[in-house]
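Following the hints, position chain Z against chain B.
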Amino acid sequence: GAVVSQHPSRVICKSGTSVKIECRSLDFQATTMFWYRQFPKKSLMLMATSNEGSKATYEQGVEKDKFLINHASLTLSTLTVTSAHPEDSSFYICSARDPGQGAIQETQYFGPGTRLLVL
Amino acid sequence: DAKTTQPNSMESNEEEPVHLPCNHSTISGTDYIHWYRQLPSQGPEYVIHGLTSNVNNRMASLAIAEDRKSSTLILHRATLRDAAVYYCILRDSGGSNYKLTFGKGTLLTVNP
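Residue numbers (the numbering used here), protein chains in the order written: chain B, 1 to 119; chain Z, 120 to 231.
Okay, chain B solo, but in the shape it has when bound (with noise of 0.2 angstroms):
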């Protein structure tokens, strides 16, 4: 099945610092990318769609200042978590969609995670 990697896997970083999450598409081009938040013992929860040469969708309750998405290429969407603090500290997970044909378009391919500790 299709990869999709995320870089890094675990950052630790002081309050008030910009922490940047990349998320690849290894061996498909996205149009399509999603990040995703989860805090321990809770469900995934989605944050933003990043689509290829425009502007994210936030979703409702997001900080598009404070989570700044940017889909460069086809293979490439990142995730800027600025001015972080100790509250923002969660498991950032993203995905992508291989815009194929008939049954692939609906999988969703998974990132492994990056875990972010806010000192």
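For the record, the hints were derived by calculation from the structure and aren't laboratory data. Positions of the beta carbon are idealized from the N, C-alpha and C atoms, including for glycine. Please note that the accuracy of each hint is not assured.
No more than 30 angstroms apart at the CA atoms, straight line, and that leaves these computed lysine-lysine pairs for DSSO-like [stated by the list, open to error]: (1) Z:Lys223 - B:Lys66; (2) B:Lys64 - B:Lys20; (3) Z:Lys188 - B:Lys55.
Derived, one-sided and incomplete: chain B residues facing chain Z with beta-carbon distance under 7 angstroms [unchecked claim]: (4) Pro8; (5) Lys14; (6) Pro40; (7) Ser43; (8) Glu106; (9) Thr107; (10) Phe110; (11) Leu117.
Residues of chain B clear of chain Z, computed beta-carbon distances all greater than 12 angstroms [unchecked claim]: (12) Ser18; (13) Glu22; (14) Asp27; (15) Gln29; (16) Glu59; (17) Asn70; (18) Thr75; (19) Leu76; (20) Thr80; (21) Ser83; (22) Glu87; (23) Ser89; (24) Gln108; (25) Gly111; (26) Val118.
Leaving out everything else, chain Z in the frame of chain B:
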């Protein structure tokens, strides 16, 4: 998207079949039924999806009720590696955004 209801947890024994239920009584005619699973500290993994007919793949089978108000994910022989949270998700095939809304899922424990 229409809502799904799953049991919070289920237990199974290794090498036995597992039937994971999902209720979706408000499903619309254009909703696909998706199943994903998430192993501890990993991103979710696609398992299977279907619309009306039962589906089989190398990982599992999906049995969809005739009225589509419920479905069952079937793992034919559970292994310890199948221990995960299983999510049943509906996605409107008429929508163009392909967003997935995750619920709480079912935590499957597999006993050796």
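How the hints compare with the structure:
no.: 1; hint: Z:Lys223 - B:Lys66; verdict: 26 angstroms, holds
no.: 2; hint: B:Lys64 - B:Lys20; verdict: 14 angstroms, holds
no.: 3; hint: Z:Lys188 - B:Lys55; verdict: 37 angstroms, violated
no.: 4; hint: Pro8; verdict: 14 angstroms, violated
no.: 5; hint: Lys14; verdict: 24 angstroms, violated
no.: 6; hint: Pro40; verdict: 11 angstroms, violated
no.: 7; hint: Ser43; verdict: 5 angstroms, holds
no.: 8; hint: Glu106; verdict: 5 angstroms, holds
no.: 9; hint: Thr107; verdict: 5 angstroms, holds
no.: 10; hint: Phe110; verdict: 4 angstroms, holds
no.: 11; hint: Leu117; verdict: 14 angstroms, violated
no.: 12; hint: Ser18; verdict: 23 angstroms, holds
no.: 13; hint: Glu22; verdict: 14 angstroms, holds
no.: 14; hint: Asp27; verdict: 15 angstroms, holds
no.: 15; hint: Gln29; verdict: 15 angstroms, holds
no.: 16; hint: Glu59; verdict: 9 angstroms, violated
no.: 17; hint: Asn70; verdict: 19 angstroms, holds
no.: 18; hint: Thr75; verdict: 17 angstroms, holds
no.: 19; hint: Leu76; verdict: 17 angstroms, holds
no.: 20; hint: Thr80; verdict: 19 angstroms, holds
no.: 21; hint: Ser83; verdict: 26 angstroms, holds
no.: 22; hint: Glu87; verdict: 21 angstroms, holds
no.: 23; hint: Ser89; verdict: 15 angstroms, holds
no.: 24; hint: Gln108; verdict: 6 angstroms, violated
no.: 25; hint: Gly111; verdict: 5 angstroms, violated
no.: 26; hint: Val118; verdict: 19 angstroms, holds
Checked against the numbered hints given earlier, this structure breaks hints 3, 4, 5, 6, 11, 16, 24, 25; the rest are met.
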